[in-house]
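Residue numbers (numbering that gives the first Met the number 0), protein chains in the order written: chain A, 0 to 241; chain B, 0 to 810; chain C, 0 to 334.
Since the hints were derived computationally from the structure, they do not count as laboratory data.
Please note that a few of the clues may not be correct.
[As the list claims (entries may be wrong)] Facing chain B, a subset of chain C residues (Cβ under 10 Å, in silico): (1) P25; (2) D27; (3) C59; (4) K60; (5) W102; (6) E109; (7) L110; (8) W112; (9) L113; (10) H170; (11) A173; (12) H174; (13) Q201; (14) E224; (15) G226; (16) N229.
Quantities reported herein were computed from a predicted structural model and do not represent experimental measurements.
Quick reminder that beta carbons are idealized off the backbone N, C-alpha and C, glycines included.
The chain contents come next:
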Amino acid sequence: MTEKRVDSAPGDEIESEAPLRVFRYRGFTRANHWLTAGCMIVLLLSGAAFFHPSLFWLTGLFGGGQTTRWLHPLVGVLLFFSFMGLFLQMWRLNLPRREDVEWSLKIGDVLKGNEENLPELGKYNAGQKGVFWGMSGLIMVLIVSGVMIWEEYFPNLVSIPVRRAAVVVHALAALGSLFIFIAHVYAAIWTRGTISAMTRGTVTGGWAFRHHRKWFKELARRKRDEPSEGAAEANGAAVKPR
Amino acid sequence: MTNAWTDIKNTDLVIVMGGNAAEAHPCGFKWVTEAKHHNGAKLIVVDPRFTRTASVADVYAPVRPGSDIAWLMGVIRYCLKNDKVQWDYVKAYTNATYLIREDFGWSEGLFTGYDEEKRDFDRSSWEYQMDDQGQPLTDPTLTHPRCVWNLLKEHVEVYTPEFVSNLTGTPIDRYLQICGMIGETSAKDKVMTSLYALGWTQHSKGAQNIRGMAMLQLILGNIGLPGGGVNALRGHANIQGLTDIGLLSHMMPGYMNLPTEREPELADWLKARENKPMFPGQTSFWRNTDKFMVSFLKSLWGEKAQAENDWGYGWLPKLDVPYYDILRVFDMMDRGEVNLYICQGFNPLLSFPNRAKLTSALSKLKLLVSIDPLQTETVNFWQDHGIYNDVDPTKIMTEVIELPSTCFAEDDGATVNSGRWLQWHWQAATPPGSAKHDTWIMAQLFLRVKKLYEEEGGANPEPIMSLSWDYHEPENPHPEELAKEMNGRALADLPDPNDPTKAIRKAGELLDNFGQLRADGSTMSGCWIYAGSWTEAGNMMARRDNHDEGGVGTYLGWTFAWPANRRILYNRASCDLQGKPWDPKRKLLEWNGARWEGFDVPDISPTAKPEEVMPFIMNPEGTARLFSRKLLRDGPFPTHMEPWESPIQNPFNKEMRGNPVGRIFPQDLAQLGTSEEFPFVGTSYRLTEHFHYWTKHSKTNAVLQPEFFVEISVELAELRGIRKGGRVRIWNKRGEIWAKAVVTKRIKPLLCDGKEVHVVGVPLHWGFMGAARKGFGPNSLTVFAGDANIDTPESKVFLVNIEPASGDLIA
Amino acid sequence: MTTLAPEPLTAASNPPTQPLESNLLPTDVRRISATAHVPPPTRQLTEVAKLIDVSKCIGCKACQSACIQWNDTHPAVEENVGIYENPHDLTPDMFTLMRFAEWENPETNELEWLIRKDGCMHCEDPGCLKSCPAPGAIVQYTNGVVDFISDNCIGCGYCVKGCPFDVPRIHKTAHVSKKCTLCSDRIAVGQGPACAKACPTQCITFGPKEEMKALAAERVEDLKERGYDNAGLYDPQGVGGTHVMYVLHHADKPSIYSGLPDDPRISPLVEAWKGPAKKLGLMAAGAAFLGSALHGIFAKPNEVSEHEEEEAEELYEDIVHEAPEAAEASGEAAR
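Please model the entire structure based on the sequences and the hints provided.
Here is the structure:
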């Protein structure tokens, strides 16, 4: 009988044995991620144009100030729903675990890349969880404050004093999301072998072993427990086309 | 206006009562703010509603609609009791000292001579005691019990502050405060001006309201002075011009009455207008009526008017009734006695009272012709506009013809403002579409009717065939030609009275003033009071010199004011008997020992000696009348009368309803309501955002005041469960209307005769044509009865009921 | 050849009869929205102001009418909702509005109908300009006029939040912000604002600000003589003074005039947002980029080694060939 998933999401599995590749994100999730990422980039660039005059030239990327003005909130709504999709898929595995504490305390080792000193982790480490929850919270704040200041469709939704607070909150939240965005992107680049998880859906066995060993182990056990296909897997053939 | 708009700047105190100057005359009101700003003037507003005029007033007092006479008589009583009288003025310039016949009196609200059957007074006792020469007996000591002064004292005795407050609803402390302020202006160096408008005229005793103020101003010595006067703010840009050139049914140009059937010959007509001076050496200006009349007849018939044919007097229509006023004409129309109605620049369906009756009357016409620049409701009276004009077009057989005409900015011409200034204007825009000038339309009508007479003949051909029509383009008389015709010209050389060998004007030349008019046919003038408006020196109405010599705002070089470019009427009264200004700081004229000098054209002859000729030269007495003799039909003194529809009874006479000599037709009498059925007092008025029923055709004005509403007090709203902005139904026996409710603190219930009186304010301006939302006017509710002297409809007071209306209206 | 128009000194002057060059030049601009470095103006125009003497205002709405006509706007014909304000608020097509307040004076128990012409105050320190993100959408001339340049406006509505007086309105179809321009196009040719020209009672006057203050002082004195002890000029210093000023009978209580702010100032939130937040945010964002870059340069990449790949394979083999029971046991242990 196959082991219950604790550290992995539906779809996560050992994809091939030689070389060892682990399937981390399904196609839907990847598309969802990139849509979110695209929205985020548009929002950060267009938002930055409104945030500081020295960046107003960025509106040129979108066809000018007027276009940027209507595009930004619409993309914001799209991002909100897109992110909601990611949220529903990921929230469970992003719940905090005991090992997150130890991981966080050893942040120095994290930054130095000394992962051998870190505890074994499930699908996400505490940093990734931070990105997830941080973004979840900030996007909530951004959508609510954004609607409040959406002149075109909600000009009088809230009073002007509230709108003033809303623009400040919106700007601060956007800044926060920018930091998370930078951290997220940088971490993906710095941690080599990560990006393929979101491009092709797979990571190498070594990557899984190094960064998310608990997750890797669970997937390995699930592989072992799959009764009928054991032989085929032993031959190293791909089980299913992805 | 006795004075002029610009003159208001000279005043110390402005009282706006019977009008709403800021809202209905905002441009003229600039002179009130000017007086407040630079002359420290105070502003008093007395109105049933706290108006926009009240919003800039120093003191405001509410008053029950239709109780103004009591209010004013109470002020006069206050002045008499408290010695707030300009004694020198009163004794010299009014008829205060004259003795009145012994048989004159007043009791139970009625003067002597009342005939209930005829609804009229026998006015013979309303007269001076005269000696054999026809000269009034006077008592300069003012002690004789029959002198006007003592009769006035007696007459106003009943109007105590308590009585007035109880009747008018004005709180007593506020009333006394205002009395005190008004009384101050009896000082020789203090002056008050009165600004009124249709809030005083549109009553069954409108003329008496105004007389009340005129008397008060005489007692205070405020008439003829800069910053003083009794000033009618005319309701249209050119309504002054309308009355000047005699467009009322019983008038001819220059305030001459149309002959009646009892005056078949010119001699009969003139006999009644001899106006011999009552005292030797006095000027009685109406003595010159023969000159004005013959010159007018010459302007009508030209060469056809000769001494032999009484100057064509016989061709003038003769009245068989006092007037064919609008109420009478529409009543006749409703009885099927009128076939054709030519309606020029008028929208009676919304302007005249009792709209249901008007619709019924118009439906009985054979032909209705409208000459108007706008799509009036009147010309579309037959269209079904749902509740806004609920008629069945299939049942109306009246043929309607519209002749589109032009607006004031689309022609040259002069309009006459409230201050009697004839201001020439120039065409600024081309008439749109097929619109034609009124003059062109009238010329076409005349020429075509004349042609029909020539070809087919007909009844009474002489007036048509004899009419002088010597215009350059007969089919299109030019405004310049008409203006010159009204000014008048010499038809023969006019010899100089001092040197007969010289001519003051040669034949064909334009006249300089009405002093040059002759009764021998050697002059013509279409409107004698306009003589001097277009002389050989040019168009005086087009002058635009705004130099204010003397700083008293007379602006003698700005346009032309009738009469004789005089800016303040009775200006002789601005000086004492010796000819010195009452107030040297407010000098208008002064006698320099040989002639009158100053900054206005003197009323009296420039060389008339001050102690001889009195200022009020339009009266044969030379003095002003505190006691008006037989001039007004409803009394020589104003006495309180309730409106036709009133919440309370006349305190003098419980049986008396309305004005005892006011005319009312039987059908309309039956439609009067009582306060039991209709407990609230409706009143009509204008709003600044609109001008009558014209500007609702302009989108900008429609934006500023888009929809018909009524104004009620918070208390009445609570009483009837009406919410702000909610829809209400207002009705009485004559009709019903629906409106939005403006619930305001600016109207407060008045306590009158122990009753709480609620006022419902019903603005006009809405109808079923134009850019604004469809609505109603107050005339669906107003009483079809008018003033006893001139039959101006009583649109300012009517009883109504009000209730919340549910649901939206179906247009 | 055309000549330069004179500077406007009054609203009462008549329009020129010959063509004149605009006397409001690009070089007369002293502040530009979202622009840090504005070239210093070549000259200082006379500071102008519109003075609204509330004690002379009769609420006739001629100013609104003149405003509609001059600016060629097209406000809708609305309905009556039980008030005199029409339109019911400032709109993108109604730059000025008469507001009516029925106020019972607690000291005298008298009703006062306070009528105030609302509209842009042309602040010396304009909150709209401060909050605007679009370069050149809002400018302030050296005569004090704050003007919206619609060509540069993006319709974001930040000016709405920046304004302490709730004045700008975003046009629903043109998507640009609209408000009173103090008739900058008339001022440019020596004329006063259309509203002041149309005002019948000279409640609205226009001219050099100093003269307007002197006129106001005269009016305040008159009002005090009439018993309005707290009469005064409304030229709020919280926004550096304004180029539209009021004479109020009750200058101690501006808010009774349909909510005229008692002490208007640019909201601290707006100041924070457009001041420190902007700079700090930009710096923080820069720091985050820089930090990442430095880390990228100096820290070794977090790479999976060959050895780890082998270890992974070993672990995998171990687990796959482990007995399920043992696996379960190891699973338990892992938890």
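Results of checking the hints against the structure:
no.	hint	in the structure
1	P25	33 Å, violated
2	D27	32 Å, violated
3	C59	4 Å, holds
4	K60	5 Å, holds
5	W102	9 Å, holds
6	E109	8 Å, holds
7	L110	6 Å, holds
8	W112	4 Å, holds
9	L113	8 Å, holds
10	H170	16 Å, violated
11	A173	19 Å, violated
12	H174	22 Å, violated
13	Q201	6 Å, holds
14	E224	7 Å, holds
15	G226	8 Å, holds
16	N229	17 Å, violated
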